[in-house]
Amino acid sequence: MIDLTTDYLGLKLKNPLVPSASPLSRNLDTALRLEDAGASALVMYSLFEEELAAEDAMLDRFMLHADLGHGEADSYLPDHGTFQGGQERYIEQLRRLKERLSIPVVASLNGVTRSGWLELGKSLQAAGADALELNIYHVAADMTATGESVEARYLDLLFELRQAVSVPIVMKLSPYFSSLPHFAKQLELAGARGLSVFNRFYQPDIDLETRELVHGLHLSSPDEALLRIRWLAILHGRVNLSLAGTGGVHGHEEAMKMLLAGADVVHLCSCLLSRGPEYLGERSLAICGPGWKCMNMSRCVS
Amino acid sequence: MADAKTLTLDGNEAAARMAYLCNEVIAIYPITPSSNMGEWADEWASQGMTNLWGAVPKVIEMQSEGGAAGALHGALTSGALATSFTASQGLLLFIPNLYKLAGELTPFVLHVAARALATHALSIFGDHSDVMACRATGCAMLAANSVQEAQDMALIAEAATLAGRIPVVHFFDGFRTSHEVAKIVAVTPETVRAMIDDAQVGAHRLRALSPEHPVLRGTSQNPDVFFQARERANGFYDVFPGIVQSCMDRFAKLTGRQYRLFEYAGAADAEQVIILMGSGAETADETVEHLQAEGAKVGVLKVRLYRPFDASALLAALPVTARAIAVLDRCKEPGADGEPLYKDIVTALAQAAAVGLRGMPRVVGGRYGLASKEFTPGMVKSVFEALTQPLPPNPFTVGIHDDVTHLSLPWDEGFRSLAARQLQHAVFWGLGADGTVSANKNSIKIVGEATDLQAQGYFVYDSKKSGAVTVSHLRFGQGPIRSTYLVETGMAGFVACHQTVFTERYDLLAHAAPDGVFLLNTPEAPDTVWASLPEAMRQQIVEKRLRFWVIDAYAVAAQAGMGRRINTIMQTCFFAISGILPKDEAIAAIKKAVDKTYGKKSQRLADLNHRAIDMTLEHLHRVEPHAGAGLPAMPTDDRGLARACDVPLPVFVRDVTLPIYQGLGDRLPVSVMPADGTFPVATAQYEKRNIALEIPVWEADLCTQCGKCVFVCPHSAIRARAFAAELASTAPATFKHVPARSKDFPAGTHISYQVAPEDCTGCGDCVEACPIHDKSNVSRRAVNMVPQAPLREAERDNYAFFLSLPEFDRSAVKHGTIPGSMLLDPLFEYSGACAGCGETPYIRLATQLFGDRMLIANATGCSSIYGGNLPTTPYTVNGAGRGPAWSNSLFEDNAEFGLGMRLAADQLMAYARTLVKELAGEVGGDLAEALVTADQREEAGLHEQRRRVAALLDKLAASSHPRAKELSRVAEWLIRRSVWIIGGDGWAYDIGYGGLDHVLALPYDVNILVLDTEVYSNTGGQTSKATPIGAVAKFSAGGKATAKKDLAKLASDYGHDYVASIAYGAKDTQTLRVFHEAESFDGPSLIVAYSPCIAHGVDMLYNQRQQDMAVKTGHWPLFRFDPRLSVAGGNPFKLDSAAPSQPIKAFMESETRFAMLSRSHPEDAERFLAEAQKDADRRFKAYHDLAQGHADTSKPGA
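So the protein sequences, as listed, match chains A and B.
Numbered according to the numbering used here, the first sequence spans residues 1 to 302.
Numbered according to the numbering used here, the second sequence spans residues 1 to 1198.
Okay, chain A solo, but in the shape it has when bound:
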């Protein structure tokens, strides 16, 4: 039996294939299928504080306080006590996943406010998350914000969250930090246990016919893996952090290359979304390249 075990964030994983944050974890059935297919851990879909705020505003305005002050209608949408807020749904799903899966479950969080990051982080740990992935989904479009200040915001946040929770924290970064190795080191010092490179952003498009912005999510393509491979290689061995390669893994080639470059795990998303959870099983087998006997051997090749 080939040894594919790996260490990620201090978690012993049976192989390096970890489905990344995606809608697949919203459904218990697909999560179980991922586990059956060989996933060694599961990163849950991201909990976005902004989405929670928008949903709360909706709940507050249209369900709990829809009264217009007219005598004939004091509400419009029925509130029969069955409505569950985003945070509550996320925590319940986390609990269900923990209950049914035997692999570690990493909760993924995107906050906006300081209290959002901290309180939500604590609640995810309390609900049983094995680790926290901080999904740094931030488009630095502010002309007045320096790169340093952007970095400082996340370092401060990480430091504070580190005091508040005990589970390992992995930072999922975008490729747009100007000096990534330096920032990675700072993150390590601030208490991060791992780095996940790189986040992919929703990119607005323009419809040339209507000249309107079109918002959509495009699945990744294999050539996106190259960016990850380079940076994994740069970071590997230079920071005391677990490394995850994420983005562009569509076949065993990209996965192997990322592992060769130094990833402890590779994340899969687009290929699973388009081909189904069982595709991961096929990858698991294919990852064993000729002459490889263990995960460490893959690294030794370099």
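Keep in mind the hints are simulated off the structure, nothing from the lab.
Be aware that a few hints might be false.
[Said to hold, decoys possible] Cross-link-like lysine-lysine pairs, in silico, DSSO-like; alpha carbons within 30 angstroms at most: (1) B:LYS1045 x B:LYS1174; (2) B:LYS5 x B:LYS596; (3) B:LYS955 x B:LYS917; (4) B:LYS596 x A:LYS98; (5) B:LYS1181 x B:LYS1145; (6) B:LYS600 x A:LYS98; (7) B:LYS1045 x B:LYS1112; (8) A:LYS122 x B:LYS600; (9) B:LYS596 x A:LYS122; (10) A:LYS122 x B:LYS5; (11) B:LYS591 x A:LYS122; (12) B:LYS332 x B:LYS343; (13) B:LYS583 x B:LYS544.
Knowing the structure of chain A, use the given hints to seat chain B on it.
Here is chain B on its own, set in the frame of chain A:
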């Protein structure tokens, strides 16, 4: 023995709790003010709450009350226990089945929130005219006078009907009891269990129709036996009062609360007695107690069981000493020699006197409290005073000033009962949407649950749906609260104003008691607020020695992350200042209530509320009044009708509309009211409500003059005008106008897009509709929202100037283009509809195009409320004084009502034409010929005909022909009328569908506009057959399981109707075209118009975006079916929308009505989504095939 647990709830919930426990089938139809009872039942059923027998009752919403009654009849005759809830017109629709149910001796209780019937006007408010219309049905009638009794009598009625087999109408006063929140002693399920006899339930089951032991029921009988059979049931009625009393006695043993068929309170030797039923009896009781304490020999007899009428029980309860009796009826029977209760009492007393049982007292009858008119202790006292007169007036009224027939009694408005003086009173002024009412309901619950105090809340709402004002009247006290009237002036120890702007508009402190508290939410700092108050308010604060507190609740809310939600903040202030509860205890209770509301749904929201509560006290400040020295006198309100008083107003507006607008309608005497419910139009223009925080400002340099902003405006508050440039020479300096871009206009024509600053609601739809962006600043459009206050004065002048410009020559404007048609004056303006309403732009458009010739039949619903709820109407007139003539008949008959208008127009036109032909010699042959053969389909033809009719009238005036006068009387019918039948989907798809279908099946020329919000909007979001699959609505809490009825497609199947499906926010040109085609079509036209509504759970700022998404995702395809095309050999079906370019998921995720299902029933949401997509695909294919000339072979679900 006695149930000790208390509940704080309203009358509807109190009654519904009992009804739910005692029944198995609940068939309902929403109608104010009873809708909440059905909604409670639906909620409990969806939560799996069981009835007495451990089963979850089946709750079903029907298409009308007639439908509900039929379903209940079926359920009852088949062995189930069944009930319903209704009021007013709904109760009338129940009546045929009430006769049947009583005739078949069927145990059944109908719980009624008694409400006025529509006569000269509709009223949603409470009186007994509906229940009195049922007194001949054979049903028993049991009255509850309070929230406590609404619960208790509901159970007693359920028990009695099972025991005695007579169906019971259990009623309590609409709004006053149905919506009053009060603390009551709860009846426990164990008590209900003990009251309901399973043997009697078993007997009911044994009588059920069953093939196992078949019987025949509902026979047709001949003269030989019908009469005898009718008399056969007498014995059941004879014993029923006794059965009710025994149920009351059993109830007393279980709960300690003893009721009697007729309940007397007052002096044992009373000489003057008032007899009445309903909530007014409690006020009478309170007043009797006061007068008795002062030595008066007075009493009140409360009637509980009105049918069967038990004269002996009445006589037993009525002191023999009573020499003068006033029987008060909360209804009116015009033409009768007394109202129903009065006549029954007189009969009972006369019969007793005739056989020598007792002497005949003097009995007079009075009317009071129609449509929730206030009934106060002062009025009760005045009735007693009248009874002391040697010849008491009979009949009389009390509560109004009747200066026509002089029937009304004067009353002392300053009289305050002893009981009322012992209570604590509080009054809160809030905006409809600011949460004041819900916070107060919550406060009552807190006081009710945390203390031994009794608590009562009653809420006065607005007739507007945007910028609505609510006034909450709260009472707290040690003893029972029997004050079934509003908090009276000078009584409130606590007055709160949650909106600063009200300080300018209302006399907020009239209710304030001396040495009381005034709490104001204001952005002013504590040290500057005093100077910001109107002088009259400052004076009242000083004179009444009020303790004045302020808080900037909006700032606290923003700081706490609560946006603009201030309800818990103001609630915290109330408890902090009023001292009703110890502060810490109160705050803990508020937090507990917050957790209850939000806890399971969003801990995050609960935490934010907690933070806001904690922050409140440090921002709450006491302000010491300054004597006023050196302070400038603040200007009083310069807004609205108050300001308009300075300019000449039409007499009616000045004498009637203005006082109603100012909240002084109660003071209007009978003489000023129209006797037949007919009111002038063009009155909304005087309101100037100034509710917009921001208004649109036109950027003339950017504007392409497309007219879209005008097209989408729900309130006709942004308008376009083309005019000769020289007319602008006297314009105010800031009035904007630029040369018209279109070459269609003569040289020198200018155009202006102008906002009505004081009528705009600030919805922002015009900005969203604007297609133009400034290339150097993309966020700047050709209209942009800016704060209203700094612009108000200048724009007011600009708008006045704008309106003074004449409408551009209508014949020179292209009616078929958006920019052209938007130059036509709207004859529907400034309605009270919600900001961003999706319905009103359609009505406005119709009035722009055809307003001068429109007759409108309007179904009851949102459009009748914003169209015809006093004090004003948005329907107005053009420069020639012509405009839409509007009426509302009922909810259910609107298509037929409009058809009648068409028939009258056709009949009178035919008659007038006959006369013209007959008088051709007098009139002139050419003119006569032209008058009878005129082509009036288009506006130019109509214009010509009007000219001819004027010429005709001139000639007739000079004629001595004996029929000349007759022709002149009907000559106006020679001008074609455009009949419009307007209503919502509740009418068109459900209650009025039979009539609508019939009108569509006929060939008459009517235009039917269905404003499809896909839900009952006016009554609060109940499911209709227009509700789409997967949408959450009341009675579809788990998502509607079936697809929306395709009304337009069904109508097009007739083949001879013009039919269109439109959505102006998706394709305004198609909407415009459809209105022209529908109106010009000589036959029935049906326009099904997609109308986004706040009930969809989406900000109405995005009204047009939602319409666009509905079309792009295939939720709402656009099409036209024009039979004229098939006559010409073409395909009558035109598909106006492209194949869906987005999945329906995109649309469904964008609206709370769909999105909430994925938060409550995710698996169902996914399933419905798949089905909705399938349905959209199927429909598009079917329409596409039709447009290609293929037959529609697809079937729903295929």
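Now the hints, each set against the structure:
{"no.": "1", "hint": "B:LYS1045 x B:LYS1174", "verdict": "holds (15 angstroms)"}
{"no.": "2", "hint": "B:LYS5 x B:LYS596", "verdict": "holds (19 angstroms)"}
{"no.": "3", "hint": "B:LYS955 x B:LYS917", "verdict": "holds (14 angstroms)"}
{"no.": "4", "hint": "B:LYS596 x A:LYS98", "verdict": "holds (28 angstroms)"}
{"no.": "5", "hint": "B:LYS1181 x B:LYS1145", "verdict": "holds (18 angstroms)"}
{"no.": "6", "hint": "B:LYS600 x A:LYS98", "verdict": "holds (21 angstroms)"}
{"no.": "7", "hint": "B:LYS1045 x B:LYS1112", "verdict": "holds (20 angstroms)"}
{"no.": "8", "hint": "A:LYS122 x B:LYS600", "verdict": "holds (18 angstroms)"}
{"no.": "9", "hint": "B:LYS596 x A:LYS122", "verdict": "holds (23 angstroms)"}
{"no.": "10", "hint": "A:LYS122 x B:LYS5", "verdict": "violated (40 angstroms)"}
{"no.": "11", "hint": "B:LYS591 x A:LYS122", "verdict": "holds (22 angstroms)"}
{"no.": "12", "hint": "B:LYS332 x B:LYS343", "verdict": "holds (12 angstroms)"}
{"no.": "13", "hint": "B:LYS583 x B:LYS544", "verdict": "holds (25 angstroms)"}
Of the hints listed earlier, the one the structure fails to meet is number 10.
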